[in-house]
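Participant: So the chains spell out like this:
Number of protein chains: 2
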Amino acid sequence: MDRQDFDFEAAFAPGLPAPAPRFTGFPRFNFIGGHNDPAQIPVEGLIEAAAAALKRDGQALALYNLGQGPQGYRPLRQFLSDKLSSVRGIRAEAEDILITSGSGQGIDLVTRLLVRPGDCVLAEEFTYGGALNRMRALGAKVVGVKLDDQGIDIAALHAQLAEMAGRGEKPKFLYTIPTIQNPTGSVLPLERRHALLELARAFDLPIFEDECYADLTWALDAPPALAALDPGRVIHIGSFSKSLAPALRVGYATAPWAVLSRMIACKSDGGTGALDQMVAAEFFTHHYAGHMQRLHGALSGKLAVMTEALAAEFGTSVEMFAPKGGIFLWLRLPEGVDVRKLVAPAAAAGLVFNPGPEWACDAEAAQSHLRLCFALPDAATIRDGVATFARVCFEETGIPARGANRTRS
Amino acid sequence: MDRQDFDFEAAFAPGLPAPAPRFTGFPRFNFIGGHNDPAQIPVEGLIEAAAAALKRDGQALALYNLGQGPQGYRPLRQFLSDKLSSVRGIRAEAEDILITSGSGQGIDLVTRLLVRPGDCVLAEEFTYGGALNRMRALGAKVVGVKLDDQGIDIAALHAQLAEMAGRGEKPKFLYTIPTIQNPTGSVLPLERRHALLELARAFDLPIFEDECYADLTWALDAPPALAALDPGRVIHIGSFSKSLAPALRVGYATAPWAVLSRMIACKSDGGTGALDQMVAAEFFTHHYAGHMQRLHGALSGKLAVMTEALAAEFGTSVEMFAPKGGIFLWLRLPEGVDVRKLVAPAAAAGLVFNPGPEWACDAEAAQSHLRLCFALPDAATIRDGVATFARVCFEETGIPARGANRTRS
Numbered sequence: 025m026d027r028q029d030f031d032f033e034a035a036f037a038p039g040l041p042a043p044a045p046r047f048t049g050f051p052r053f054n055f056i057g058g059h060n061d062p063a064q065i066p067v068e069g070l071i072e073a074a075a076a077a078l079k080r081d082g083q084a085l086a087l088y089n090l091g092q093g094p095q096g097y098r099p100l101r102q103f104l105s106d107k108l109s110s111v112r113g114i115r116a117e118a119e120d121i122l123i124t125s126g127s128g129q130g131i132d133l134v135t136r137l138l139v140r141p142g143d144c145v146l147a148e149e150f151t152y153g154g155a156l157n158r159m160r161a162l163g164a165k166v167v168g169v170k171l172d173d174q175g176i177d178i179a180a181l182h183a184q185l186a187e188m189a190g191r192g193e194k195p196k197f198l199y200t201i202p203t204i205q206n207p208t209g210s211v212l213p214l215e216r217r218h219a220l221l222e223l224a225r226a227f228d229l230p231i232f233e234d235e236c237y238a239d240l241t242w243a244l245d246a247p248p249a250l251a252a253l254d255p256g257r258v259i260h261i262g263s264f265s266k267s268l269a270p271a272l273r274v275g276y277a278t279a280p281w282a283v284l285s286r287m288i289a290c291k292s293d294g295g296t297g298a299l300d301q302m303v304a305a306e307f308f309t310h311h312y313a314g315h316m317q318r319l320h321g322a323l324s325g326k327l328a329v330m331t332e333a334l335a336a337e338f339g340t341s342v343e344m345f346a347p348k349g350g351i352f353l354w355l356r357l358p359e360g361v362d363v364r365k366l367v368a369p370a371a372a373a374g375l376v377f378n379p380g381p382e383w384a385c386d387a388e389a390a391q392s393h394l395r396l397c398f399a400l401p402d403a404a405t406i407r408d409g410v411a412t413f414a415r416v417c418f419e420e421t422g423i424p425a426r427g428a429n430r431t432r433s
Numbered sequence: 025m026d027r028q029d030f031d032f033e034a035a036f037a038p039g040l041p042a043p044a045p046r047f048t049g050f051p052r053f054n055f056i057g058g059h060n061d062p063a064q065i066p067v068e069g070l071i072e073a074a075a076a077a078l079k080r081d082g083q084a085l086a087l088y089n090l091g092q093g094p095q096g097y098r099p100l101r102q103f104l105s106d107k108l109s110s111v112r113g114i115r116a117e118a119e120d121i122l123i124t125s126g127s128g129q130g131i132d133l134v135t136r137l138l139v140r141p142g143d144c145v146l147a148e149e150f151t152y153g154g155a156l157n158r159m160r161a162l163g164a165k166v167v168g169v170k171l172d173d174q175g176i177d178i179a180a181l182h183a184q185l186a187e188m189a190g191r192g193e194k195p196k197f198l199y200t201i202p203t204i205q206n207p208t209g210s211v212l213p214l215e216r217r218h219a220l221l222e223l224a225r226a227f228d229l230p231i232f233e234d235e236c237y238a239d240l241t242w243a244l245d246a247p248p249a250l251a252a253l254d255p256g257r258v259i260h261i262g263s264f265s266k267s268l269a270p271a272l273r274v275g276y277a278t279a280p281w282a283v284l285s286r287m288i289a290c291k292s293d294g295g296t297g298a299l300d301q302m303v304a305a306e307f308f309t310h311h312y313a314g315h316m317q318r319l320h321g322a323l324s325g326k327l328a329v330m331t332e333a334l335a336a337e338f339g340t341s342v343e344m345f346a347p348k349g350g351i352f353l354w355l356r357l358p359e360g361v362d363v364r365k366l367v368a369p370a371a372a373a374g375l376v377f378n379p380g381p382e383w384a385c386d387a388e389a390a391q392s393h394l395r396l397c398f399a400l401p402d403a404a405t406i407r408d409g410v411a412t413f414a415r416v417c418f419e420e421t422g423i424p425a426r427g428a429n430r431t432r433s
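Those protein sequences? They're chains A and B, same order as listed. Numbering (this note's numbering) for the first sequence: 25 to 433. Numbering (this note's numbering) for the second sequence: 25 to 433.
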């Protein structure tokens with residue numbers, strides 16, 4: 025350090041995250057995070073949308089929030105009002121919708137409204153790591169709710185709520201991803217949705233519904249959102265990251281005005297990026313259904329490649345939780361395999377994945393689980409990546425002993 | 025409230041801001057905030073920029089941060105590296121720059137790194153209200169530094185630092201806007217910059233330099249940024265809100281890596297909006313100088329309209345602090361006029377302005393001051409607005425008694 029330089033390191037407030045490393049690019053086998061398929065970005069459509077939206081509303085860029093107020097670009101809210109009604113059964117006018125800078129900001133705002141240090145929050149036992157981190161950063165104790173292949177186990181939740189009530193403990197809310205659950209990919213059936221909301225009413229529990237992946241429900245027959253079934257009890261968020269592009273930072277929230285008005289008051293970013301909003305609105309107003317159809321086809325095809333490769337490489341040594349949509353595959357390796365020990369050797373082989381413990385309320389209970397994103401790599405890279413992962417796994421754990429129809433050595 | 029609705033209001037954490045009101049549009053005379061001139065938005069240029077950038081990099085939208093890492097879109101950082109070097113004298117490679125979601129996020133990140141509750145922070149006696157709010161929200165005590173028409177009064181700062189050191193008080197940093205100071209519009213001369221940095225070194229004080237408005241220095245002869253003169257001691261932020269459009273949420277920071285790496289680690293928004301970044305980069309890489317020249321002409325013209333109107337309406341009852349650039353005019357009405365009492369009657373007359381007390385370390389010392397943004401309204405609206413303000417002011421305070429060459433009654 026130069027004699028005259030200021031020693032910033034010594035001046036930092038306590039409790040900061042560790043410094044970020046220099047970014048050195050992505051590894052060859054990138055199965056981490058929520059990237060999407062580059063081939064499915066509708067580049068020409070976005071160029072046309074940018075031109076049309078700028079021609080119509082470009083001058084309004086001179087005003088914060090395009091002069092349309094802190095809830096965001098009105099044509100985008102109008103598109104969402106229509107889509108939420110037709111696809112998710114939610115009745116929300118443009119005035120009932122807040123555009124957020126990604127759904128992560130929605131999670132930030134909602135948790136900030138509701139969580140005090142020491143509060144208990146319920147969440148699915150396996151859930152979005154980013155939400156877990158945000159809730160825990162505010163001092164929440166996040167307690168897992170049992171899942172099966174159709175989402176939340178209602179009987180288990182009932183017993184859990186009764187047990188907590190017996191102890192005088194009242195969870196602050198239930199954070200749930202009922203439609204393409206992250207990471208398990210399940211869709212909560214309609215009867216379970218009704219039963220869940222009945223429990224919520226009985227135990228005076230509000231619901232925080234994250235529908236980040238609902239646009240990617242391939243069967244197109246998802247039951248209505250929880251927010252459609254009990255709008256006075258549910259805070260609902262969603263995103264364009266999965267349906268259009270994650271580099272666009274556009275999400276949304278709808279909730280009772282008591283909640284939405286506080287979220288708006290806490291949203292101190294000067295608005296969400298205008299061009300991201302304008303282009304998403306213009307493109308989806310004209311091309312939502314067609315784009316979704318193409319994207320579903322591409323993603324389900326990549327999932328098939330990945331499940332075939334995993335079956336070939338791992339055989340019975342892997343349990344796959346077949347997702348009903350989305351971009352992730354949730355896996356369980358045999359008990360005794362701690363995937364955290366695979367992170368470093370996998371990275372050395374050019375492969376990254378999300379270890380189960382980072383996506384679980386109880387990290388130890390998910391030590392054999394992992395999440396793979398299949399949306400970004402092409403088919404050949406998926407196959408090579410799965411083979412690489414099997415090799416690393418075998419070298420570290422002896423599992424899978426057989427794979428790709430041969431004995432490993 | 026429906027019987028089944030959840031009572032969110034009762035569940036909120038303490039200390040939240042008041043709920044936002046429903047947005048009902050802007051008043052006719054909108055002299056508040058940092059809006060810009062709609063006629064100066066280069067709509068055709070932005071359409072071309074969007075097409076070119078999307079054609080080249082559109083597929084990368086499928087990756088968070090366009091696959092280029094958390095510091096932001098590389099062509100934008102390269103443009104900034106070039107601009108900071110040629111216009112502000114700062115040597116910063118693309119790797120030394122972090123794109124932020126507006127400069128407000130830069131202020132959020134820097135204050136979060138450095139401020140602990142109870143810390144003292146120095147700032148110009150009149151300064152950006154948004155920065156004051158953020159620093160105070162973290163528990164900082166913000167102490168004002170004396171300004172004159174050339175910015176910080178160095179002798180006064182020296183005495184203040186010596187006095188604080190004598191008491192054993194060490195300010196955490198100095199937040200300063202040396203180039204087009206907000207709200208006073210001054211530019212700190214080169215010799216004062218050197219003297220300021222000498223004091224900073226002598227008193228072990230780091231500098232947080234906000235250059236949000238530096239692109240709008242009309243004379244084009246601003247001295248180098250503080251970050252150019254002592255890069256090891258200065259955290260530097262800027263924005264595209266004033267140079268291009270505030271609805272785009274794009275700002276930037278450059279600082280020693282110890283600071284920048286922590287800012288990156290704390291930037292939890294999943295990246296800044298990609299299209300906002302791409303279009304700003306593409307447009308400014310080709311059109312920065314020309315756009316600035318046109319914008320300077322338009323803004324200085326509007327300022328002239330406003331100062332003429334104020335002189336005609338208020339005569340000697342107003343002191344104007346002639347800005348060297350930017351979009352704001354800082355005024356002082358006669359002692360005894362408390363501008364806070366004008367807010368409601370002005371709003372009733374369709375006019376909003378920024379009361380001085382919200383832009384001051386010591387609110388009471390700025391009760392006769394106010395800030396008017398002249399960038400948004402056209403010339404006729406500026407004239408009508410100033411006349412309206414004079415009428416409201418006269419009705420509430422008896423000042424100005426004469427205006428527009430006639431006695432008021």
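Please note: incorrect hints may appear among the correct ones.
Identical copies look the same in the list; a pair holds intra-copy or inter-copy alike.
[Claimed, not checked] Calculated cross-link-like contacts (lysine to aspartate or glutamate; reagent style EDC-like; alpha-carbon spacing at most 20 Å):
#1 K107 / D408
#2 K170 / E215
#3 K348 / E215
#4 K79 / E68
#5 K194 / D31
#6 K348 / E332
#7 K194 / E359
#8 K194 / D29
#9 K365 / E215
#10 K194 / E33
#11 K365 / D61
#12 K165 / D120
#13 K79 / D61
#14 K107 / D31
#15 K79 / D386
#16 K194 / D408
#17 K165 / E419
#18 K348 / D386
#19 K348 / E149
#20 K165 / D228
#21 K107 / D172
#22 K79 / E382
#23 K365 / E68
No lab work stands behind these hints: they were computed from the structure. None of the values given here were measured: they were computed from a predicted structure.
Participant: Look at each hint and say if it fits the structure.
Facilitator: Results of checking the hints against the structure:
{"no.": "1", "hint": "K107 / D408", "result": "neither (38 Å within a copy, 43 Å between copies)"}
{"no.": "2", "hint": "K170 / E215", "result": "within (17 Å within a copy, 67 Å between copies)"}
{"no.": "3", "hint": "K348 / E215", "result": "within (18 Å within a copy, 67 Å between copies)"}
{"no.": "4", "hint": "K79 / E68", "result": "both (17 Å within a copy, 8 Å between copies)"}
{"no.": "5", "hint": "K194 / D31", "result": "between (46 Å within a copy, 14 Å between copies)"}
{"no.": "6", "hint": "K348 / E332", "result": "within (16 Å within a copy, 67 Å between copies)"}
{"no.": "7", "hint": "K194 / E359", "result": "neither (34 Å within a copy, 56 Å between copies)"}
{"no.": "8", "hint": "K194 / D29", "result": "between (52 Å within a copy, 17 Å between copies)"}
{"no.": "9", "hint": "K365 / E215", "result": "neither (40 Å within a copy, 58 Å between copies)"}
{"no.": "10", "hint": "K194 / E33", "result": "between (41 Å within a copy, 16 Å between copies)"}
{"no.": "11", "hint": "K365 / D61", "result": "neither (29 Å within a copy, 57 Å between copies)"}
{"no.": "12", "hint": "K165 / D120", "result": "neither (30 Å within a copy, 38 Å between copies)"}
{"no.": "13", "hint": "K79 / D61", "result": "between (29 Å within a copy, 16 Å between copies)"}
{"no.": "14", "hint": "K107 / D31", "result": "neither (52 Å within a copy, 27 Å between copies)"}
{"no.": "15", "hint": "K79 / D386", "result": "neither (51 Å within a copy, 45 Å between copies)"}
{"no.": "16", "hint": "K194 / D408", "result": "neither (48 Å within a copy, 58 Å between copies)"}
{"no.": "17", "hint": "K165 / E419", "result": "neither (37 Å within a copy, 57 Å between copies)"}
{"no.": "18", "hint": "K348 / D386", "result": "neither (24 Å within a copy, 59 Å between copies)"}
{"no.": "19", "hint": "K348 / E149", "result": "within (19 Å within a copy, 59 Å between copies)"}
{"no.": "20", "hint": "K165 / D228", "result": "within (19 Å within a copy, 41 Å between copies)"}
{"no.": "21", "hint": "K107 / D172", "result": "neither (29 Å within a copy, 56 Å between copies)"}
{"no.": "22", "hint": "K79 / E382", "result": "neither (45 Å within a copy, 37 Å between copies)"}
{"no.": "23", "hint": "K365 / E68", "result": "neither (44 Å within a copy, 54 Å between copies)"}
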